[in-house]
Structures are given as C-alpha cells and as structure tokens.
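Could you put the whole structure together from the sequences, leaning on the hints where they help?
Taken in sequence, the protein lines are chains A and B. Sequential numbering of the first sequence, starting at 1, is according to this note's numbering. Sequential numbering of the second sequence, starting at 1, is according to this note's numbering.
The hints are simulated quantities; they were obtained by calculation from the structure and are not laboratory data. Hints are supplied without guarantee of correctness; some may be wrong.
As the list claims (entries may be wrong) - No more than 30 Å apart at the CA atoms, straight line, and that leaves these computed lysine-lysine pairs for DSBU-like:
#1 B:LYS192 - A:LYS14
#2 B:LYS179 - A:LYS52
#3 A:LYS10 - B:LYS183
#4 B:LYS192 - A:LYS52
#5 B:LYS123 - A:LYS377
#6 A:LYS361 - A:LYS322
#7 A:LYS361 - A:LYS377
Computed from a predicted model, the values in this text were never measured in an experiment.
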Amino acid sequence: MTIMGVCCDKPGVKVALTGNESIARGALEAGVGYASSYPGSPTAEVLGTLAKLARQFNLYAEWSINEKVAMEVAAAASFTGLRSLVIMKADGLNVALDFASALAISGCRGGMVIVVGDDPGAHSSVREEDSRNLCKALHLPVLEPASVQEAKDVTREAFSLSESLQLPVVVRCVTRVCHASGDVLLGELAPAGRRPAFNQGDRVITFSIKLHALQEQKLARASDWAGNSRLNSYHGPGDAGRLVIASGPCYMYALEALEMLGLSEQVGVLKLGVTWPLPEKLLLSYLKTAAEVVFAEEVEPFVEDNVMALAARHWDEVGKIKFYGKRNGQVAGPNGPGIGELDPDVLAQSLSAIWGTPYTKPALPAHQEIFDLLGTKMPDRELALCAGCPHRASFWSIRTALELDGRGGIVLGDIGCYTLGIARTGYYLLQTMHCMGAGVGIASGLGKLDCFGFDKPVITVVGDSTFYHAALPALVNARYHRASFMCVVLDNETTAMTGHQPHPGRETTATGEPADTVPMEEIIRGIGIPYAVQDPYDVEAAIEAVYRMLQQQGPRVLILRRACALAAVKGKQKNRVYVDPEKCIGDSCGCSRFCSKVFACPANIWDAESGKARIDEAVCNGCGVCATLCPQQAIVVERTV
Amino acid sequence: MGAFHEPLNIIVTGVGGQGNVLASQVISVAAVEAGYRVAVGETFGVSQRGGSVMSHVRISHDRPYGPLIPRGRAHVIAGFEPVETVRVMLDYANPDTVIIMNNRPNYPLGCLLGEDKYPQPQKILAAVQKMAGRVHVLPATELAKEAGSPMAANMVMTGALAGSGLLPFGREYFVETIKSLFKDHIRELNLKAFTFGLEHIGSNVAWRVSYNENFAGNL
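Structure (structure tokens):
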C-alpha cells in the first residue's frame, strides 16, 4: 500500500502491499528494465507503481496508446536482451492478440512477462473473460498467483522461465489477487544494469513451420519445468482419495471451505501455480491415488477440461476417477457453473453436496424480518457519474439537443466512465456498447445506411483516452467513405475510469517527463473532418453546439472538453455550492425537483423537512452546473478561485 | 492472539468515493506493522462511481487467509453509510457481530429520483440492532467536518475502530501508519479526524446507544 514498501531494500522484511504492487515488486526483484501498459482494471496500478520508481531503479515505464503497441514496445526491449513487462486487462489481450500470436512464434530474448488481469464477476469490466483459453491458443505458458505474496513470487519466477524458454510468459491475475492486499515477505532486489543490444545479424522472425515445432518443444520443456516448480504445491494427507485441484485464489477458498466442513485431514488440495502447460507428470502422480477430483477455478473449466483430457490419455495408469466441476454442474455459484466468482461459501456448499458432509452456516438475519423493520425494500445503489462529472452535463446537452431536433436520433458509445450512459445516470442514452472505440466504427456503419432510407441522425460518444486508443482507424474509415455521423469526444483530459493515467493528449508521460503532446484537434484536422470544441459546463452553448452539428452531413466531431471533476478538485479547496432557501420554492416551482430528480446529480438532494432542495456538501464537487440550470436561480456558487 | 478471533474478520463498507479503500489500507498496514498477517479483499474500479463498496479485512496470527470472509462470519462491520451497513449485515452479520456505523446517509440515485425509498433513520437503527449484538452509531461525517473536511469521515471511522478495543493491536500503529501514508495538511487533517473518532468511541460507555444523532437531510 505504500511505494516505500515496494522499493524497500530489506529482504526478509514483511510489508503490506496490494496485489498490483506485489507484481511490481516481483518485477523489480527480477531486474525489469522496461515496462509498458494501457490502463485497465484490475491491473491498472502495476505500471503506475513502476513509473513512480523508474528513476530510482533505472527502468523505463510508459503508458502506451493501446495494448497492442504496449506489447510491441515491451517485446522490442526483450529483443535487445532487457527484461520487460507488459500489463493489460483481459480485454487488452484481445487488442494485442494479433501481435501476441506472432510473438509467441518468434519468441523473445530477455525475459518477457505479460501480466493479464482477468475480472471474474466482471466487477469493473463488461465481461468476465477467461484469458487462459487465449493463452493456450497462443502457445504461451500461464502462471497463476493464489495470493498477494504469490503475485510477487510468481512474477519474479515468470521472468526466469521466460528467459530460459526464450518465450513470453503470461502471469494471469484475477481481481481478488490484484485488488487484494496482504503482508508480503520481500526478496532481494535485482541489480539493474543490462545494456540493450541488437546486432546486425540478430533476427527475430515469425516464419516457417519449423518455428511451430520449436514452439511445441518450448511448451514441453515448460511442462517438465512446471512439474518441479514450487509454484505448484500440495496440502493434505498422503495418497488422498479425494482431491481438490485449485488455481488462483480458489486455492485459499478451498482450504477454508474444507476447514469449515471439517474435511482438512481427509481431502488433499493440489494448487496449480502453472496452469498452462499442465505439469503433467505431477498431476498424474496425484491422479493415480485419487478416486474423486473436484476442480476449483475461475471462470471457465480450463484446468478441468485439460486435466480430464490428460486423464483420458492416461486412462490405463490413473484408473477410475469421478470428476466434479463446472461440466457436471457440481461446482457452481448462484449464477450457475462457470459464471461469476467462487468464494469459500460457494466451495463449501459444493463440496458439502458432493461428499454429503453437512455444512452448518452461521444463522444469517431473516431478510424479510429486516425489510419489515425498515418499512421498505433495500434501495439499490446503482452506479452513477460522480457529482460534478462533465459527462453528466454532456449527456444532458445531447439529450436536450436530440429532443429539440425531434428526429429520434440515436446515441452509441463504448468503454470508459461514459459507459454509464447506458444507465439512469446517463439518461439511458447509449444504445450500443461493446469494446474500446467500437461506437465510432458502428457509427461509421450506420452512417452509410442512408442509401437504404435510414435517415436518423447518429451520435457516438468516445472518451479522450479511447479516442487515441481505438477511434482513429474508424474515423479515417468514416472520412474515406463519407459516412454521416457526429462523433462527440467527451474529453475529460485524462483516463479517468482507471485512476487518471495520462494519454498522448497530455503534457507529461507516465514518469512525469514532459511529453510531445499530440492534440486531438490536429489529428482530426489531419484526417480532414470538421470539428468544434465546447465546454460542457456551459450547458446552453453545449446544447446549441450539439444541435447545430446534428444538422450537418458527413463525419464531424464535437469535442466537449472539461477536466474530470475528481481530478480538478484533488488537493484543492472546492467551490461551495448551496441552495438559497429564500429562492427555492420547492414543489410549487413546477420544475419537478429538477436538480435532484431530473438532472440527477448525487450532490443535489431534497430536504423533506423544509420541502426544498439542498446540496450535500460531503458529495458536491463544486462544478456549479446545477446553478446554471435551476429555473429559480436558487443555487449559489461561492467560487474559491 | 489471546482473546481475539483468529482470523479477525472486519468488513469496511460504504459508497464509492467515501474513502473506504483507504481506510482498509490504513488498517492493514497498521496490522502488518504490528506483526500480524493480513488479507484484504476489495472491489474498486467502476465501484468508485457511486456504487456499494466493501472491503474484507482479515487479521491473523500465523496463517494466511483468503481475501473473502464467508457469509455470516464478520466480527466487526464498520459502516460508512447506514443503508450500506444494513446491506452488508444481511449477508455477513451474526448475533455477535459488532457494528460501528456512521449516521450520515448517502442517497442512492433511485431515492433521489423518488423511485425508491430511503428507510427512516430510526427504522435503520432498529434493523441494525435486531441483527447485531453491539451497535455504535457515530456522526462521523459531522466529526470530520469539525476536523476540517467531510471527506475525512473515513479516518473518523478508522479512529472509532482503533478505539473500540476490538483489534489486537494499539492505536499507536494507526497513528504511525497515517503519518507514513500522508503528508502536510492532509496528514494533520487525517490525524485529527482519527483522534475524533477514537475519542468519540472511547467516551461512549454504553455500546447499544440510543439514536439521538439527526440524519443530515431527509428525503
């Protein structure tokens, strides 16, 4: 949790770290020289941590424009012999897949580790992709830490494995490791100081079927290595007839579930720290004594399917085994097998059902009784744009302009804070939402349907970081084909959703060095698309700008630019905003409680006692947009600057 | 760990933006400094955009635990927001669970829009008392404002937890942690807020308090 902990030069000391910091520490213990990433939950904090230590450890760190480029720049460093690290979320691996599949054939030189953050339960993702299936297709080894401590140990180990195989190695981390914290026993920091070398005869080429054969040999070596690796471990009685095979944090859950069931002495738990390629010899040695095997993993039945295939190939050695997992529905959370996270309760219930061991849960409160006491059901707490979020003002302007326009215009979007445009907080405006930059491509498609009589105006919103990451090819495509739509860039001058990382439109880099900024206006002008820039906090002007551009044809861009409200107030005195009770006339106004009910900023609350609007000063970020919209001008903004 | 539970299961809950994650970090750094093992499971990301946030903090002596507390097995719930406290209690409280709760509501969007009802303060207290053995309600946001900023309610709550006698290590570990994590005026603010929380719980002899504190604002 502290940067001091990550760089602490005291091997053998325990410090508290987050999983992401632990990954960063592991890379430092391995002597990483080069790190790159595009921010994404749950792994967004790894590169940020390394960037803060870049100078001290003589390493290079960058927020790349997207994951594919991030992987390419990291591979370049590896080609010169440096140890390199590239970090992304599962969705990012999809973006980088084309290069990754080629890189897996050419191989690398310096140890290269690809950290992929999977998000079982989709806490902060649009889906809960299990990247292990992709990694298998890529022919890349996959290591999985089970705890915060292991996040460090596994990362460090991954560098050595990669270097010995001359093949990138994936560290697959799930949210419950990345976003967990715990005590970490520190190892030795590796001395920096490798010099990059790329000589005239050096070739890193992806070509010929011979290299495919080499890939398979590397994986066979990895399987042998995995059989002796201490990343796999066994806990339980010798010759266990009942075995749980677990990976990632499910290992911790399995131990606790067995404890709760009183089965710790009778059931063995085999933790796989290496889930691809499988440590076949090791697995076979346990399968030979086991009669019943339960799989505990997230999300897909990856280990399950592959172990069952292994057992089938060795049926004459392993004998009769009953397998329990997602395939037969025996290991399942409330949403069904293979959907969502596991936890100690889910595993305890599953194991209890499998082995008929009663699971006595503590008596939970009777929910209905509590709802009766509350006098109401529990109010849901849906996600909302933050108080003062410029996106709220932008969505309000788009919604109003579309109403004024009256042609039933449609709005598309994609990934970022503005994804919340699919929900109440964004007035349910967004009608498509897929992946980074997809809104612009879909708009480009809809913008060509006029020849079939499709005449609705199309707006797509895209964030500033997403603009650089993925919108540019679609914009060029739109210009080239004269597709008719309006692209609204919701420019909050940062990558807000993942914690305010810089992008090519910013003045500084990840490490705080001055950057050669690439203004989006220059890019748009270069593509040849007309554009305008407007401050969304000036709602009236923003509505007018949206409306005016809605009437135009061809591709056009409106940049609604205003810094993220959270970034703007960080470390500063906020404006004081309050309701003048003399001016607010409550429900007799006829505004339908505009500020709290219609504009729906969480800082605009209603005081039932006085029957008037109020500002919640603990929530308000002082943007003052509500003051400009209040029909009675009853909201006062005391500016601090 | 003597009279303390092994592992000691603490849940810190509230609304994204209230600083719950920071509070759980302060607790876990302090625990490690005091020589304990700790596992914290928390969810952030989109949750920082006004969603429910819950951190599981597990403090143990020797053995590491996973980052998730099984249902019904929380020993302490520190609720930064009343409805979120109830929400977590429904799944994780048992009759022996101790509750430390901020009395300040943060209204969900549905309540602001009039589609959902935010329960009455007295009813929330009745529900909380029905579910838990000991309940301590404190005006953490108001105390934080006195300390200098309503945003420091998380440190008031941390102070209350530190002063509750429920943890196996002393307040000095918290003070050192806050000093190491923050600088300048934020450090001073947080230390002051922490002390306010500590003193408030220390001065409150009766645990099952009557509900005198007014909610700020009603719907």
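Comparing the hints with the structure gives:
no. : hint                : verdict
1   : B:LYS192 - A:LYS14  : holds, 28 Å
2   : B:LYS179 - A:LYS52  : holds, 20 Å
3   : A:LYS10 - B:LYS183  : holds, 24 Å
4   : B:LYS192 - A:LYS52  : holds, 29 Å
5   : B:LYS123 - A:LYS377 : holds, 12 Å
6   : A:LYS361 - A:LYS322 : holds, 27 Å
7   : A:LYS361 - A:LYS377 : holds, 25 Å
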